[in-house]
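> Protein chains in written order, with numbering that gives the first Met the number 0: chain A, 0 to 240; chain B, 0 to 106.
Keep in mind that the hints were calculated from the coordinates and are not lab data. Nothing here was measured: the structure is a model prediction, and the numbers come from that model. All C-beta atoms, glycine included, are put in the ideal place defined by N, C-alpha and C. Treat the hints with care, as some may be off.
The following label-pair restraints were derived from C-beta to C-beta distances [stated by the list, open to error]:
1) A/T232 - B/F17: 57 to 63 Å
2) B/K71 - A/L126: 45 to 51 Å
3) B/F43 - A/R214: 53 to 59 Å
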Amino acid sequence: MHIPDGYLGPHTYIAFWIIMIPIWYYAGQKLSTELKSKQVPLLALSAAFSFVIMMFNIPVPGGSTGHTVGGGIIAIVIGPWAAIIAISVTLVLQAMIFGDGGITAIVTNCFNMGVVVPFVAYYAYKLISGNLEITSSTRVIAAAIAGWISLTMASFCAGIELGIQPILEHTANGVPLYIPYTWSVTVPAMVLEHALAFSILEALITAVIFAYIQRTDTSVFYGEKSEAEINRTEIMNGVTI
Amino acid sequence: MDEMIRNLSIGLILLIIFAPLGLLAAGTAYGEWAPDELKDRIGFVPHGLEELSDLWHAPLQDYNIPHTPSFKDSKLVSSAGYILSAVIGVIVSGGFLYFIGKKATKH
Chain A
0 MHIPDGYLGP HTYIAFWIIM IPIWYYAGQK LSTELKSKQV PLLALSAAFS FVIMMFNIPV
60 PGGSTGHTVG GGIIAIVIGP WAAIIAISVT LVLQAMIFGD GGITAIVTNC FNMGVVVPFV
120 AYYAYKLISG NLEITSSTRV IAAAIAGWIS LTMASFCAGI ELGIQPILEH TANGVPLYIP
180 YTWSVTVPAM VLEHALAFSI LEALITAVIF AYIQRTDTSV FYGEKSEAEI NRTEIMNGVT
240 I
Chain B
0 MDEMIRNLSI GLILLIIFAP LGLLAAGTAY GEWAPDELKD RIGFVPHGLE ELSDLWHAPL
60 QDYNIPHTPS FKDSKLVSSA GYILSAVIGV IVSGGFLYFI GKKATKH
């Protein structure tokens with residue numbers, strides 16, 4: 000899903016620069032007000048994990064390949080705004096040093112994998128798990144579904160972005176200047192290979208890491224309080240234990 | 000918590016070691032074809048794509064050490080390059096996030 004330079008014309012990549020700069024700014028603000036010092040190692044691990052997991056190219060019938068992002072579990076653990084920062088740093092590094100994804104397309108790739116994936120995953124997980132106990136095993140299924148939906152939605156976005164190029168960018172006599180396939184081709188191609196292969200792996204990864212953290216220390220999850228914090232709030236509210 | 004960070008780090012190291020499995024997938028991801036691959040598909044290289052695709056030359060293109068044999072020619076060398084790329088990626092991205100995380104929680 001790392002769109003290279005030359006696939007998206009200036010209308011698209013300039014629009015995504017305009018979209019991404021305020022998102023990054025706001026995510027940075029959220030990070031400096033919300034991040035707790037015990038989350039710092041998890042933030043660093045999230046970026047590193049995302050970097051490596053994207054190197055696992057998986058072949059699918061038809062000669063194409065793809066990979067997972069890990070953005071769903073990252074969002075559930077460190078929160079969707081911190082996930083934007085972690086995944087964006089990874090994607091910028093992949094583009095600049097390893098030529099994976101274009102320089103002009105960095106912002107579009109950061110939107111798809113760094114914004115759509117964590118936000119869709121986080122809110123899908125929240126919506127499905129509702130008021131369930133944090134230790135509920137149904138939450139593992141919620142995390143898996145969130146992982147699947149998030150990567151599939153990101154592939155849908157990438158399909159749309161690629162597919163509008165022949166409409167937006169062509170010469171006076173209609174010759175496409177960038178990727179020539181329209182969305183009737185790009186959307187099914189992107190969505191199908193993700194929905195049937197890569198997103199299933201994303202669901203598995205999300206569920207496995209979720210289940211591990213859930214069994215070890217649920218206070219690690221974004222928005223969950225540790226026992227010490229719960230005790231402190233109860234004391235502040237005048238409840239004696 | 001500390002034990003969790005340790006175990007997750009061990010998991011990450013295992014992922015780095017097994018990263019060369021990602022090299023076994025021979026094809027190109029959809030919509031990520033190099034200009035000549037696109038030419039094979041549609042018969043020409045769109046003008047704008049040709050210009051923009053030459054914009055940036057990454058030092059470790061395709062997670063590979065420059066001037067070393069490709070995966071087809073030497074599985075060992077390219078796997079080593081792939082692992083080295085993963086190590087660089089982990090240190091730089093993890094290190095950078097650790098640094099900004101520490102800065103953000105200072106106040």
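> Confirm or reject each hint.
Going through the hints against the structure:
{"no.": "1", "hint": "A/T232 - B/F17: 57 to 63 Å", "result": "violated, 43 Å"}
{"no.": "2", "hint": "B/K71 - A/L126: 45 to 51 Å", "result": "holds, 46 Å"}
{"no.": "3", "hint": "B/F43 - A/R214: 53 to 59 Å", "result": "holds, 56 Å"}
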